[in-house]
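Top line first, the protein sequences correspond to chains A and B.
Numbering follows numbering that gives the first Met the number 0, with no gaps: position 103 of the first sequence is 102.
Numbering follows numbering that gives the first Met the number 0, with no gaps: position 31 of the second sequence is 30.
These are computed hints drawn from the structure, not numbers from a lab.
Even glycine gets a Cβ: it sits at the ideal position worked out from N, Cα and C.
A few of these clues could be false.
[Unchecked claim] Quick list of simulated restraints, FRET-style, between CB atoms:
hint : chain 1 : residue 1 : chain 2 : residue 2 : range
1    : B       : Lys60     : A       : Leu119    : 53 to 59 Å
2    : A       : Leu133    : B       : Asn87     : 25 to 31 Å
3    : A       : Glu13     : B       : Leu236    : 55 to 61 Å
4    : B       : Gly92     : A       : Leu133    : 22 to 28 Å
5    : A       : Asp231    : B       : Thr232    : 35 to 41 Å
6    : B       : Pro239    : A       : Gly122    : 25 to 31 Å
7    : B       : Glu90     : A       : Asn85     : 41 to 47 Å
[Said to hold, decoys possible] Chain B is nowhere near these chain A residues, computed Cβ spacing over 12 Å in every case:
hint : residue
8    : Ala24
9    : Asp25
10   : Leu27
11   : Val28
12   : Pro116
13   : Leu151
14   : Thr157
15   : Trp249
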Amino acid sequence: MTFGEEVGGSLNRESLLIATLIELADNLVDDYDVIDVLTVLSHRCVEAIDVDAAGVLLASPVGELQFVASSSESMTVLELFQIQANEGPCVDCFRDGLAITNQSLDEADGRWPAFTPRALAQGFRAVHSLPMRLRGRTIGALNLFRTHQGSLTDDDVTLAQGLADVATIAILQHRSSMDAHTLNAQLSNALNSRVIIEQAKGMICQSTGCDMDEAFNRLRAHARNHNEGLTDLATRVVAKSISPSDLDQWMKPIRS
Amino acid sequence: MTTQRLLDIFTLMERLGRESSNGIELCGVAAEFMSLDGAGIALVHDGGELSSLCTSNETAKALMELELTLGEGPTVDAGRGDAVAAANLIEAGASHWNLYRPEALALGVRAVFGYPVRLGAVHFGALNLFRCSPGPLDTDQATDAYLMASVIGRAILTYQAGGSADRLVGELNGSSMLDFRIHQAAGMLAVQGSMSVRDALVSLRAHAFGIGCPLSELADRVVTRSTRYAPETGKWLLEPENSRDPQ
Numbered sequence: 000m001t002f003g004e005e006v007g008g009s010l011n012r013e014s015l016l017i018a019t020l021i022e023l024a025d026n027l028v029d030d031y032d033v034i035d036v037l038t039v040l041s042h043r044c045v046e047a048i049d050v051d052a053a054g055v056l057l058a059s060p061v062g063e064l065q066f067v068a069s070s071s072e073s074m075t076v077l078e079l080f081q082i083q084a085n086e087g088p089c090v091d092c093f094r095d096g097l098a099i100t101n102q103s104l105d106e107a108d109g110r111w112p113a114f115t116p117r118a119l120a121q122g123f124r125a126v127h128s129l130p131m132r133l134r135g136r137t138i139g140a141l142n143l144f145r146t147h148q149g150s151l152t153d154d155d156v157t158l159a160q161g162l163a164d165v166a167t168i169a170i171l172q173h174r175s176s177m178d179a180h181t182l183n184a185q186l187s188n189a190l191n192s193r194v195i196i197e198q199a200k201g202m203i204c205q206s207t208g209c210d211m212d213e214a215f216n217r218l219r220a221h222a223r224n225h226n227e228g229l230t231d232l233a234t235r236v237v238a239k240s241i242s243p244s245d246l247d248q249w250m251k252p253i254r255s
Numbered sequence: 000m001t002t003q004r005l006l007d008i009f010t011l012m013e014r015l016g017r018e019s020s021n022g023i024e025l026c027g028v029a030a031e032f033m034s035l036d037g038a039g040i041a042l043v044h045d046g047g048e049l050s051s052l053c054t055s056n057e058t059a060k061a062l063m064e065l066e067l068t069l070g071e072g073p074t075v076d077a078g079r080g081d082a083v084a085a086a087n088l089i090e091a092g093a094s095h096w097n098l099y100r101p102e103a104l105a106l107g108v109r110a111v112f113g114y115p116v117r118l119g120a121v122h123f124g125a126l127n128l129f130r131c132s133p134g135p136l137d138t139d140q141a142t143d144a145y146l147m148a149s150v151i152g153r154a155i156l157t158y159q160a161g162g163s164a165d166r167l168v169g170e171l172n173g174s175s176m177l178d179f180r181i182h183q184a185a186g187m188l189a190v191q192g193s194m195s196v197r198d199a200l201v202s203l204r205a206h207a208f209g210i211g212c213p214l215s216e217l218a219d220r221v222v223t224r225s226t227r228y229a230p231e232t233g234k235w236l237l238e239p240e241n242s243r244d245p246q
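Modelling step: build the complete structure from the supplied sequences, incorporating the hints.
Written as C-alpha cells, this is what we have:
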C-alpha cells in the first residue's frame, strides 16, 4: 500500500490534482481502510482548495451525523465536527441535500448558535459544506473551513464536490451492487471504525503520555509502515495484542 | 437525538416492562417495534462466545438455541460484527449456514436478520430478528433495526453499570453513542485501571451514575486529565491542578 505519501507543497494545482486522482484511483482498486482514505482525502482538500481545514461527516443508518475523518486531529477541530451531530452547516447540507458555500461565519446571524461562536473562536471565518450523495440518498457531507473571508471560485466548488463524490465512492468499498442493507452496513462499519480509533487513541494517550493528535498520527504512521489497515491496527491496540509503546514514533512533517 | 421512533421504543419499553416479571423486555420490544414474528438477543463475551440474553417467544427461543448449538447463523455472524440478511431461507443460496438453514426452516422460519450490538472494538451482543414469511426488511424496518441495536447496546451497558430503566431513557435522550470523548476516555480508563475497554465503558457509566454527572462531562474530565481512576484504591481522583483546556 503506497497510499498517502504526502504530496509536496511545490506542485502546482493541476499536478496536485492529477497526483491526488492517481493516488485515490490506485487505492480504491485495492484493499483499503476507509478512515485512512477519507483522512488523506481531507488533507488533499486543504492542499488543492483554498481552505484551512476539511472533514468528512457521515450519517448513521438512523440519520445521526457523525465525524469520521479530518485534515486535522487536534481536539479543537474535532470538536467543531462533533458539535455538528446536532447543528451546523453539515446538518443543513445533509438535511436538504444541497451544498452550502461561502457561508461567512461573521454573518451567520444566529443560524447555528452553538457552532458559530466556537468556529469563530478557533479563527475560522467561512465555512462550506458539500453533500455526499448516492442515487438520491445523501449519506454525509464534506465540511471545509477557512480562516479568511472571501469566496471560493466556481472551480473550487466543482473540485470540492468532486472530492466529496470520491469520498462517497470510498465508503462503498468497491461493491458493485449497493442495496439498502449493504449501504447501511457500510455506513455503520465506517462510523464504528472511527469509534475503534478513538478507543485506541485513548489507550495510546494514557500509556505514552502523548496528546490525542499525536496518538492518531502514531497509529497512522505505524499502520502505513507495516502495511496494516488503520482500523485493524486500532482493533489490535484495544484488544491489547499490540502495546501502545511498541507503535512506531511519528515524525512531524516539516511544512512551510 | 430524540426521534419519534425512539419515543415509540420508550412507550413499548414501559408497557412491556410493566407486564414482565423482571421489568426488562428488550426482545419483546424489538419484535413488536419491528413488526416481525420474533426477536432474540445474544450477549457476546470476552472470548467471543455467545449466550442468550432473551427471546421474544418459543420459536425465537428454539432459533437461538439452534445457533448456540450449531455455532452458525445470523446471530453468530452479527456477534462478530457483520450485519446479515437472509430474506428467503427456502432458497438454498440464501445463506452459507448449511446446518442452520434446514433446522430454521423446520421451525417455520423463512427470513432471518442479524445486527451487531457493538461500540467500536467492543462487541456486546447481537440482535436476531425473524419472520415466518419470506421477504427483505423494508427501508423503514432496516433503519429501525439499527436504532433497536443501538438501544440494546446502551441498555446492556446501562444495566451492567447498575443503572435503572430511567437511567437508560436519560442516556438515550442524551449524548450520542458516537461521542468521541466517551471512547477516548474509555481507552484512557482501560490503561489507568488495567481493564478491558469493555469494562472501562461500564465503569465510566457506573461512576457517572454514582456522582450524578452526565457521561459526556465525566468523559471530558478524564480526557483533560482533571479526573483519573486510581486502581490501587479503586477510587476516582480529582486533579484540580490540571486545566480544563482541551489538550
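Structure versus earlier hints, numbers of those that do not hold, lowest first: Result: no hint breaks.
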